[in-house]
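Asker: Letter by letter, the chains look like this.
There are 2 protein chains.
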Amino acid sequence: MLTTDHGLIQTPCFFPVGTAGTVKTLTPDELETAGTQAILANSYHLYLRPGLDILKSAGGLHRFMKWSRPILTDSGGYQVFSLAGLKKVRENGVEFQSHIDGSYHTFTPESVVRIQRVIGSDIMMALDLCAPYPCSHGQAKEWHEMTARWAARARDADSVSPFLYGNRQNLWAIMQGSVYEDLRRESAAALVDMDFPGYAIGGLAVGEPKAVFHDMVALSAPLLPEGKPRYLMGVGFPENLLYCIEHRIDLFDCVLPTRNGRNGTAFTWKGKLIVKAAREKENFIPIDESCDCYTCRTFDRAYIRHLFVAEELLALRLVSLHNVHFYQSLMRTARDHIHAGDFATWAKSVSADLQIEEPSNLELQ
Amino acid sequence: MLTTDHGLIQTPCFFPVGTAGTVKTLTPDELETAGTQAILANSYHLYLRPGLDILKSAGGLHRFMKWSRPILTDSGGYQVFSLAGLKKVRENGVEFQSHIDGSYHTFTPESVVRIQRVIGSDIMMALDLCAPYPCSHGQAKEWHEMTARWAARARDADSVSPFLYGNRQNLWAIMQGSVYEDLRRESAAALVDMDFPGYAIGGLAVGEPKAVFHDMVALSAPLLPEGKPRYLMGVGFPENLLYCIEHRIDLFDCVLPTRNGRNGTAFTWKGKLIVKAAREKENFIPIDESCDCYTCRTFDRAYIRHLFVAEELLALRLVSLHNVHFYQSLMRTARDHIHAGDFATWAKSVSADLQIEEPSNLELQ
Chain A
0 MLTTDHGLIQ
10 TPCFFPVGTA
20 GTVKTLTPDE
30 LETAGTQAIL
40 ANSYHLYLRP
50 GLDILKSAGG
60 LHRFMKWSRP
70 ILTDSGGYQV
80 FSLAGLKKVR
90 ENGVEFQSHI
100 DGSYHTFTPE
110 SVVRIQRVIG
120 SDIMMALDLC
130 APYPCSHGQA
140 KEWHEMTARW
150 AARARDADSV
160 SPFLYGNRQN
170 LWAIMQGSVY
180 EDLRRESAAA
190 LVDMDFPGYA
200 IGGLAVGEPK
210 AVFHDMVALS
220 APLLPEGKPR
230 YLMGVGFPEN
240 LLYCIEHRID
250 LFDCVLPTRN
260 GRNGTAFTWK
270 GKLIVKAARE
280 KENFIPIDES
290 CDCYTCRTFD
300 RAYIRHLFVA
310 EELLALRLVS
320 LHNVHFYQSL
330 MRTARDHIHA
340 GDFATWAKSV
350 SADLQIEEPS
360 NLELQ
Chain B
0 MLTTDHGLIQ
10 TPCFFPVGTA
20 GTVKTLTPDE
30 LETAGTQAIL
40 ANSYHLYLRP
50 GLDILKSAGG
60 LHRFMKWSRP
70 ILTDSGGYQV
80 FSLAGLKKVR
90 ENGVEFQSHI
100 DGSYHTFTPE
110 SVVRIQRVIG
120 SDIMMALDLC
130 APYPCSHGQA
140 KEWHEMTARW
150 AARARDADSV
160 SPFLYGNRQN
170 LWAIMQGSVY
180 EDLRRESAAA
190 LVDMDFPGYA
200 IGGLAVGEPK
210 AVFHDMVALS
220 APLLPEGKPR
230 YLMGVGFPEN
240 LLYCIEHRID
250 LFDCVLPTRN
260 GRNGTAFTWK
270 GKLIVKAARE
280 KENFIPIDES
290 CDCYTCRTFD
300 RAYIRHLFVA
310 EELLALRLVS
320 LHNVHFYQSL
330 MRTARDHIHA
340 GDFATWAKSV
350 SADLQIEEPS
360 NLELQ
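From first to last, the protein sequence lines stand for chains A and B. Everything in the first sequence is counted per numbering that gives the first Met the number 0, starting at 0 for the first residue and increasing by one. Everything in the second sequence is counted per numbering that gives the first Met the number 0, starting at 0 for the first residue and increasing by one.
None of these hints come from the bench; they were simulated from the model. On a predicted model such as this, the values are computed, not experimentally measured, just so you know. Note that CB positions come from ideal geometry on N, CA and C, so glycine has one too. Any given hint could turn out to be false.
[What the hints assert, rightly or not] Derived, one-sided and incomplete: chain B residues facing chain A with beta-carbon distance under 8 angstroms: (1) 20; (2) 53; (3) 308; (4) 311; (5) 315.
[To be verified] What the simulated footprint calls covered on chain B by chain A, stretch by stretch (three residues with Cβ under 8 angstroms from a Cβ of chain A suffice, anywhere in the stretch; the number is not a length): (6) 22 to 35; (7) 62 to 76; (8) 276 to 287; (9) 294 to 307.
Let the sequences and hints guide you as you build the complete structure.
Answerer: Spelled out as C-alpha cells, the structure:
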C-alpha cells in the first residue's frame, strides 16, 4: 500500500493512462466506478499542451481534469525519444522538437521537476534516458549512467523547490540498462544508493522478445529495495501483469485497455475478444457475462459491433470502459489472492485463459 | 401529451437524433438523465446498417440499443435525396444507391412500413418526397401529390401488417409543398382527409430564407388538425423552436445539439458558445453556470477547450451532453410557461439572448 495526499493506493495497482489529462473517452466518474485508484499522465504532452501557464492557473492537473485521486507523471524521457523529433542528448539534458508543431525544447532533470511541480502529481519521475531495443552495451551503459546523474540532479531540484498546491509530491527514479544484466545491476545500485522513496523499471516492453522481457523483470525487481514501491513502466498484457506481480512488481501503467478498446478489442477472463469481428454480428450476449461494468450490464456484442461498423464514437467509449473495468478487476482479484496467500496457484490457473501476447510496441506508454 | 406503448411524451418535445441507433457519443442513461422523452432514428441508415436481419434478431431497435422510451423513425425519404446517389422517382417508389457501398435499393411506401415494423418504432413516417430549395411550383406540386398517394398506400400497408414485438406503432404522414402556400394547403387537405393520428411538416429548414421558413410554419401548422400532434422535421435552432412552439408545433428533431457539440459549439440561455475559442483557454467557469448537467457541474471551459485542441474524444461527449441537456431544459421551461399561460411573454423575453441563426443546411436531419 502507498500513501499519497490524494489517497491510498493498494498494490498491485494498474494506472490507466491519461496522456493529455484525460483517460481517452472516459470521465473521472467512470474511472472511479471502475475501481481506478490512480492514473498516469504524461509530462511531455501536458508541457506542450495545455502548457504550464494554464495548468498553473487551474491549480494543477487534479483540479484541471477533476480527478481527485492520485496522479503519477512520467518524466517525459520516453516520449522525447518515441514521439518527438531531432533530439540531442547532452549532459545537461535532452533537446527535442515538439511532435505537434516542430518547436524546439529542452528537458533537463531540473526543468522536468519544475514541470511536474506545476502539474502537481503525487508521484513524479526523474528525467531518464530510455534505451531503444536493440541497443549496444556501450550506449546502454552510457545512458543508464547519465540517467543516474540526472536522478541525483532531479533529487536536488526536488529538495529545494516548494510544492505549489499544498499536496506533497514524491520523486521516484527510473532504472535503465536495456537487456544487460550487469547494467541493470549497476543502474539499480546507483539509484538505490540515492534512497528514493520509490523506483521504476524503465526500458522494458520496448520490442524485446518475451523471454528476455520476463528475464529482465525477474532480474530487476529484486535489485530494488524491499518495502519501497516498484513500478514497471508501460506494461502491459494481462498475462504479463500476473507474471510481473509474481516477481514483486507493485505498479503498472499501460495504454492497452484504452487503445485496444478504441480499436474494438476487449480484454476478458477468457482472453481477447475482437468485438468488431463479423462473428459477433448477431451475438446478443455481453462482451463478458461475468463483468459488472455498465457496458456489459447494458449492451450486447451485436450492438457494439454495429457501432464500430458504423464508426460511432459510443463504441470506443463502451469498450474502453469495459477494458478499464477488466484491468481493475484483474488487479483487485490479484490483491485478494495475495492476501489469501494463494496468488501463484491462482495466477497459474487463469494465465492459460488470459491470452498470451508478445510484448511489442503496442505496450508502450 | 402523446401516449405510446413505450411511455408518454409531454409536448412540446425535442427528439435528439440517433441516426444509426445511437445519439452520437451518448449512452441511453445519459439521454434519460438529460430529460430526453423520445429519440428519432433514421430508417434509411438502419435499413442499410445494421440491416433488417440483425434488427429483427435483436427484437427491434429499442432492445438493440437499450432505449426503453419512445422512438420515432423518419421515412427515409429525406436521406434518399440528401445522402444517397443516383435516384429515380417513379410512381412505385424511389430507387437509390447506398451512400455506404453504392448498392442499389428501392423504397416504396409499403417497404418503408415494413422496415419500420422491423425497427419497431412507436411513431413511423409514411414515405415522402422532400422537395429541395429552391424547387419549381410544378415539381413541388408533382411531388406533394405523389407524397399523398404514397401516404395512402403506406396507410393501407400499415393496416394489414401485424406489429412484430407487441408494442403498437402509429403511422403519421408528412406534409410537403415546398414554399408555395397553395401547395401546402393542398398537401394538408389531402393528408388530413386520410385521418392519420399525427402529422409532420416536411420540406422546411432546407435552405430557404428565415422569413420564408417562419411564414411557412405559421401557414402550415393551422392547416393540421387541432388535437393531433404536429411535428416539424429537422428543426432547429433554439430561437426557431420558440417561434414554432408559439405557432403550435408540438414536436421537433434536429442534429444540432449533437453535431454542434462535436464541433465545439455549446448552446446556452445566453446564445452559442464556441468552447474551443482561444478566449476560453484560461476561463475556469462552466459552459453555463446555471446548467445542472454533468459537464457543467464538473468541468471548466478551459479544460474542455484543451480537450478539443488535443483532439480528445471526451470533448465531443461533454459538449454533446450539455447541448442535449440544454435542449431538454428549453423544452421543459417552454412547457412550464405554456401551463402557466405566459408562454408568449416568456419566449419574447428570452429570444433575444438565444442567438439568432438563419435556417441552413445545418438544421437538416
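Asker: Next step is simple, just say for each hint if it's right about the structure.
Answerer: Now the hints, each set against the structure:
1. This hint holds: residue 20(B) has a C-beta 7 angstroms from the nearest C-beta of chain A, less than the 8 angstroms allowed.
2. The restraint placing residue 53(B) at the interface with chain A holds, with a minimum CB-CB distance near 6 angstroms, inside the 8 angstroms limit.
3. Of the supplied interface hints, the one on residue 308(B) holds, with its beta-carbon coming within about 6 angstroms of a beta-carbon of chain A, less than 8 angstroms.
4. A distance limit of 8 angstroms between C-beta atoms decides the matter here; for residue 311(B) the minimum to chain A is near 5 angstroms, and the interface restraint holds.
5. Restraint check, residue 315(B) versus chain A: the minimum CB separation of about 6 angstroms is within 8 angstroms; hint holds.
6. Remark: the stretch 22 to 35 of chain B is confirmed as covered by chain A, as 6 of its residues place a Cβ nearer than 8 angstroms to a Cβ of that chain, reaching the required three.
7. Note: the stretch 62 to 76 of chain B has 3 residues with beta-carbon separation from chain A under 8 angstroms; the three-residue rule is met and the coverage holds.
8. Judged by the Cβ-Cβ criterion of 8 angstroms, the stretch 276 to 287 of chain B is covered by chain A as claimed, because 3 of its residues qualify and three suffice.
9. Coverage of the stretch 294 to 307 of chain B by chain A holds in this model, with 7 residues showing a Cβ closer than 8 angstroms to a Cβ of that chain against a need of three.
Checked against the numbered hints above, the structure violates none of them.
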